[in-house]
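Trainee: Since the structure of chain E is provided, determine the placement of chain A on it from the hints.
This is what each chain is made of:
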Amino acid sequence: GAGVSQSPRYKVAKRGQDVALRCDPISGHVSLFWYQQALGQGPEFLTYFQNEAQLDKSGLPSDRFFAERPEGSVSTLKIQRTQQEDSAVYLCASSAGTGHGWDNSPLHFGNGTRLTVT
Amino acid sequence: AQSVTQLGSHVSVSEGALVLLRCNYSSSVPPYLFWYVQYPNQGLQLLLKYTTGATLVKGINGFEAEFKKSETSFHLTKPSAHMSDAAEYFCAMRSYIPTFGRGTSLIVHP
Numbered sequence: 009g010a011g012v013s014q015s016p017r018y019k020v021a022k023r024g025q026d027v028a029l030r031c032d033p034i035s036g037h038v039s040l041f042w043y044q045q046a047l048g049q050g051p052e053f054l055t056y057f058q059n060e061a062q063l064d065k066s067g068l069p070s071d072r073f074f075a076e077r078p079e080g081s082v083s084t085l086k087i088q089r090t091q092q093e094d095s096a097v098y099l100c101a102s103s104a105g106t107g108h109g110w111d112n113s114p115l116h117f118g119n120g121t122r123l124t125v126t
Numbered sequence: 086a087q088s089v090t091q092l093g094s095h096v097s098v099s100e101g102a103l104v105l106l107r108c109n110y111s112s113s114v115p116p117y118l119f120w121y122v123q124y125p126n127q128g129l130q131l132l133l134k135y136t137t138g139a140t141l142v143k144g145i146n147g148f149e150a151e152f153k154k155s156e157t158s159f160h161l162t163k164p165s166a167h168m169s170d171a172a173e174y175f176c177a178m179r180s181y182i183p184t185f186g187r188g189t190s191l192i193v194h195p
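From first to last, the protein sequence lines stand for chains E and A.
Numbering-wise (the numbering used here), the first sequence opens with residue 9 and increments by one.
Numbering-wise (the numbering used here), the second sequence opens with residue 86 and increments by one.
Isolated chain E (complex conformation) (with noise of 0.2 Å):
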């Protein structure tokens, strides 16, 4: 089956700029993950989904991050007024399982939008 796409790969921004960026997960998959990776860096969490229901946001930077999943699949990244420091490459990941707490099934990762803000 399909795997988990994002969309778009690659985004420009002009500081100031509002963006939005798509994460597809797996059908059936309950948890999504977005996480930041820094150039050289790991993945960072920002935010985890359980079906629509947002359980944590503590990895969000600023208020200026906001997720959603209204309908339990299809998630949004936005970013308002984007800044220089949010350059960096943005994974979503699914996975079958709860996701908090005691869940051992890996996760699934698209292949990133690249945000580079100007």
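Incorrect hints may appear among the rest.
To be verified - Only some residues are given here: those of chain A computed to face chain E with a beta carbon under 10 Å:
hint : residue
1    : 94
2    : 127
3    : 130
4    : 137
5    : 148
6    : 177
7    : 182
8    : 183
9    : 184
10   : 185
11   : 188
What the hints assert, rightly or not - In silico SDA-like links for lysine to any residue, alpha-carbon gap of 25 Å or less:
hint : chain 1 : residue 1 : chain 2 : residue 2
12   : E       : 86        : A       : 126
13   : A       : 153       : E       : 113
14   : A       : 134       : E       : 48
15   : E       : 19        : A       : 124
16   : A       : 134       : E       : 70
17   : A       : 143       : E       : 11
18   : E       : 65        : A       : 112
19   : A       : 134       : E       : 37
20   : A       : 143       : E       : 112
21   : A       : 154       : A       : 112
22   : E       : 19        : A       : 172
23   : A       : 134       : E       : 112
24   : A       : 143       : E       : 111
25   : A       : 134       : E       : 10
26   : E       : 19        : A       : 173
27   : E       : 65        : E       : 80
28   : E       : 65        : A       : 153
29   : A       : 134       : A       : 187
30   : A       : 134       : E       : 52
31   : E       : 19        : E       : 70
32   : A       : 143       : E       : 116
33   : A       : 134       : E       : 86
34   : A       : 153       : E       : 111
35   : A       : 143       : E       : 65
36   : E       : 65        : A       : 172
37   : A       : 153       : E       : 112
38   : A       : 134       : E       : 19
39   : A       : 134       : E       : 53
40   : A       : 153       : E       : 86
It should be emphasised that the hints constitute simulated quantities derived from the structure, not laboratory data.
In this text, a Cβ means the ideal position worked out from N, Cα and C, and glycines have one as well.
Mentor: Here is chain A on its own, set in the frame of chain E:
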């Protein structure tokens, strides 16, 4: 606090040589541990995982890892490196939310 530490941001080996990528974790309870590989401009792919049971775990592409509770380690090994193994490798832990190490870049010389 839960954390994953990967020792060495870069590891360089010759083709055919042993690969050893180090990972140590910190967790108040036994975690689930994973290794992922990332090729340029791609997402992360699962190599192997440890949950419970046998402490030596075999994964794809000839990689394996051994969970050592006494050393809080989960090092990744491969007996003989291939040029196609050159990539970024991430150790990860799931005890609350999935937490990743900073990654180790594996360089393979011909």
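Trainee: For every hint, state whether the structure bears it out.
Mentor: Hints, one by one, checked against the model:
1. 94: holds, 8 Å
2. 127: holds, 5 Å
3. 130: holds, 7 Å
4. 137: holds, 8 Å
5. 148: Nearest chain E Cβ about 15 Å off; hint violated.
6. 177: Check passed: Cβ of residue 177 of chain A comes within 8 Å of chain E, closer than 10 Å.
7. 182: This hint holds: residue 182 of chain A lies near chain E, its Cβ roughly 5 Å from the closest one there, short of 10 Å.
8. 183: Cβ of residue 183 of chain A sits 6 Å from chain E, so the hint holds.
9. 184: holds, 7 Å
10. 185: holds, 4 Å
11. 188: holds, 5 Å
12. E:86 to A:126: holds, 22 Å
13. A:153 to E:113: holds, 21 Å
14. A:134 to E:48: holds, 23 Å
15. E:19 to A:124: Status holds; Cα separation ~20 Å.
16. A:134 to E:70: Between residue 134 of chain A and residue 70 of chain E the Cα gap is close to 33 Å, so the pair fails against 25 Å, i.e. violated.
17. A:143 to E:11: holds, 23 Å
18. E:65 to A:112: holds, 21 Å
19. A:134 to E:37: holds, 19 Å
20. A:143 to E:112: Roughly 16 Å separates the two Cα atoms, so the pair holds.
21. A:154 to A:112: Distance ~11 Å between residue 154 of chain A and residue 112 of chain A Cα, so the pair holds.
22. E:19 to A:172: holds, 24 Å
23. A:134 to E:112: holds, 8 Å
24. A:143 to E:111: Judged against 25 Å, a Cα distance of about 20 Å means the pair holds.
25. A:134 to E:10: With Cα atoms ~22 Å apart, residue 134 of chain A and residue 10 of chain E stay inside 25 Å; holds.
26. E:19 to A:173: holds, 23 Å
27. E:65 to E:80: holds, 16 Å
28. E:65 to A:153: Roughly 32 Å between the alpha carbons, so the hint for residue 65 of chain E and residue 153 of chain A is violated.
29. A:134 to A:187: Holds - the C-alpha atoms of residue 187 of chain A and residue 134 of chain A are around 18 Å apart, at most 25 Å.
30. A:134 to E:52: holds, 20 Å
31. E:19 to E:70: holds, 20 Å
32. A:143 to E:116: holds, 19 Å
33. A:134 to E:86: It is violated: about 32 Å lies between the C-alpha atoms, which goes past 25 Å.
34. A:153 to E:111: holds, 20 Å
35. A:143 to E:65: Judged against 25 Å, a Cα distance of about 34 Å means the pair is violated.
36. E:65 to A:172: Not satisfied, since the Cα-Cα distance of roughly 30 Å exceeds 25 Å.
37. A:153 to E:112: holds, 18 Å
38. A:134 to E:19: violated, 33 Å
39. A:134 to E:53: Roughly 19 Å between the alpha carbons, so the hint for residue 134 of chain A and residue 53 of chain E holds.
40. A:153 to E:86: Violated, because 41 Å separates the two Cα atoms, which is more than 25 Å.
The structure is inconsistent with the numbered hints 5, 16, 28, 33, 35, 36, 38, 40, although it conforms to all the rest.
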